[in-house]
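*Asks:* Once you've looked at the hints, go ahead and assemble the two chains, each given alone in its own frame, into the complex.
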Amino acid sequence: MTASTIELPVGDDDRRIARHAAAAIALSVAEAALPSPLPGIKPGLANIIVLVVLARHGWRDAAWVSLLRVVAGSLAIGQFLAPGFFLALAGALCSLAVLALAQALPARWFGPVTASVLAAFAHIGGQILVARAWLVPHDGVFLLVPMFAAAALFFGTLNGLIAARLLAATADADSAP
Amino acid sequence: MKSPLPEGLRELFEQATRRGAVPWHGLLRPGDWALLAVAAVLVAASFPLLWRGGVADRAIVKRDGQLVTELALNAPRRYEVQGAIGTTVIEVQPGRARVLSDPGPRQYCVQQGWLTRANAVAICAPNHVSLQLGGRGGANAAYDSINY
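For the record, the sequence lines run as chains A and B. Take 1 as the starting number for the first sequence in our numbering and just add one per residue. Take 178 as the starting number for the second sequence in our numbering and just add one per residue.
So here's chain B without its partners, still in its complex pose (with noise of 0.2 Å):
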């Protein structure tokens, strides 16, 4: 039966085969080594750059659905809302948010703690007030929608 292999090709492989033949390091000029040193520098890159999804940037405050304010998450503060049945205080630390203190009745907001995440969500439904963290939109949020 004739080989199904084109008789160069066999040939090739015939030699590619023998013992003997170069060794594979012996195979790589010094442009390779260079070239697979910054794919590999980029490759490696890629990942943290494409996949930082969910890391939060700010706390977004919200009284009956309205912007009330936005605070970066890059410095530690406080921040009072007015709300339906009193004052909600929300705390801002470096990369985390939550509602400290809330006049609802079962306090829920405020046993939910701190917030990490981008698009996390503390609702303290009977002062109207909501918090939520904002991250950086697009292919790298956290989730790809959210409804409440």
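Same shape as in the complex, but just chain A (with noise of 0.2 Å):
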């Protein structure tokens, strides 16, 4: 066997990322493994996740931890280039689209639950988009909307908290002696 005379540089920028997505695949693949009272309806609990690495790294980091996961989530529960895959793979675009534009608001008065509940309407966004355009060509899709609409403020909000209490953690960590 030949050594390999490839290699490629491993910065901490790229252990940062790996870890925090490593932690995100591992929820939405146990996330994969919960019921869903309808197909498409997850709790998305992978963007919590997302959501601590935005507010600590910034968006670069959270776009890759982001995407990663959407990417090597699919290959770990075989969904890799299935319909789910894409569906979550404009989710996951639009979020980040519309996270990079909430950083934006003001943080005095706008925390993560806002971001978080902004990105999952994104999410549902995105994927109803594409499964009008290419799944479902028909627009009884749309008739899921206020379905997927409920759902995305529910666990919007929920992620939200939580990635909310784990940053004032931190914070609380980082400030106190």
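Source of the hints: derived by calculation from the structure; they are not laboratory data. One or more hints might be untrue.
What the hints assert, rightly or not - Chain B regions said to be covered by chain A (calculated; three or more residues, Cβ under 8 Å):
hint, region
1, 203 to 211
2, 216 to 224
Stated by the list, open to error - Just a few of them, taken from the derived set where beta-carbon distance is under 7 Å, the chain A residues facing chain B:
hint, residue
3, 29
4, 113
5, 164
What the hints assert, rightly or not - Take a look, some chain A residues computed to stay more than 10 Å from chain B by CB distance:
hint, residue
6, 35
7, 36
8, 40
9, 104
10, 133
11, 142
12, 143
Glycine included, each C-beta is placed from N, C-alpha and C at the ideal position.
*Replies:* Next up, the structure:
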């Protein structure tokens, strides 16, 4: 066996992103085992990690974690390149776009819950549009919007609160001796 | 065994699950409350907006499959159609319509009574007349397709 001659330098950034992505993937795999009342409605627990990373390390890291989660998470549960993968990818891309915009909101007034709820709505928005354009080319898919929107509001708030709590805990830990 | 969680995250979880951490309501800033309120209103509004399927807004009267007239379902009125064997009388009231009388021998379309849902249909076959309710089409239709 020949030793590899290619060496990719691994920086601290890479390790940090990989660790967070691993946590997000673990959450999305665990979540895949949960039964869902309606296909497509999921808590989206991995987004808690994305929110925490966004607040602590910025949008670039959050994008890496989110997209790695989508790709590697789908590989782990055998969904890679299946329709569900493209829906998840569309949702993740839309959420990231909205999160980039949401970062411009004044932090004094808007916290992680706002980011989470907006991202959740963007997520279902992206998914519904891809589903309408590709999977179910019929306006009937929009009948699902109220259910998805209600779920996005509920889980978006929940995830946002969890992320806010995690962030508040670290802020305490940072300020306390 | 090393914890699978990243160091920073494990610390985070330990801190967050400790007693006496920040109370939940303290995690919401004023803008968060405002956004949640707006989002809740929008979500609540989306149910009636998108699920108003099957509300009829007009009566479509046909003879021999050809459109005779369309009557809006917002004011009461009667309409007479000359059919193959006589006159069929259509009665319209706000939100509903029926065949009031028909010369057909078995009176099926009369006995059907009031039609209220979009795409509901009463057919007076002997007289070649049909009464159908129309609603907003597309995703809001109560039926995907109708054939008779």
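*Asks:* If a hint holds in the structure, say so; if it does not, say that too.
*Replies:* Okay, the hints, checked on the actual structure:
Check result for the region 203 to 211 of chain B against chain A: holds, 7 residues qualifying (beta carbon to beta carbon below 8 Å, three or more required). Here the region 216 to 224 of chain B counts 6 residues with a CB under 8 Å from a CB of chain A, which clears the bar of 3, and the coverage holds. For the restraint placing residue 29(A) at the interface with chain B, the shortest Cβ-Cβ distance is roughly 12 Å, beyond the 7 Å limit, so the hint is violated. Nearest Cβ of chain B to the Cβ of residue 113(A): about 4 Å, under the 7 Å cut. The hint holds.
A distance limit of 7 Å between C-beta atoms decides the matter here; for residue 164(A) the minimum to chain B is near 4 Å, and the interface restraint holds. Remark: the non-interface label on residue 35(A) is consistent with the geometry, its nearest Cβ contact in chain B lying 23 Å away (cut-off 10 Å). At roughly 19 Å from the closest C-beta of chain B, the C-beta of residue 36(A) stays outside 10 Å, upholding its exclusion from the interface. In this structure residue 40(A) is separated from chain B by more than 10 Å, as the shortest Cβ-Cβ distance comes to about 16 Å.
Once the 10 Å rule is applied to beta carbons, residue 104(A) is consistent with being away from chain B; the minimum gap is 13 Å. Here residue 133(A) stays apart from chain B, with its beta-carbon at least about 15 Å from theirs, past the 10 Å limit. A Cβ of chain B approaches the Cβ of residue 142(A) within 10 Å, the least distance being about 5 Å, so the stated non-interface status is violated. A beta-carbon of chain B comes within 10 Å of the beta-carbon of residue 143(A); the shortest separation is about 6 Å.
Taken one by one, the earlier hints fail for this structure at numbers 3, 11 and 12, listed in ascending order.
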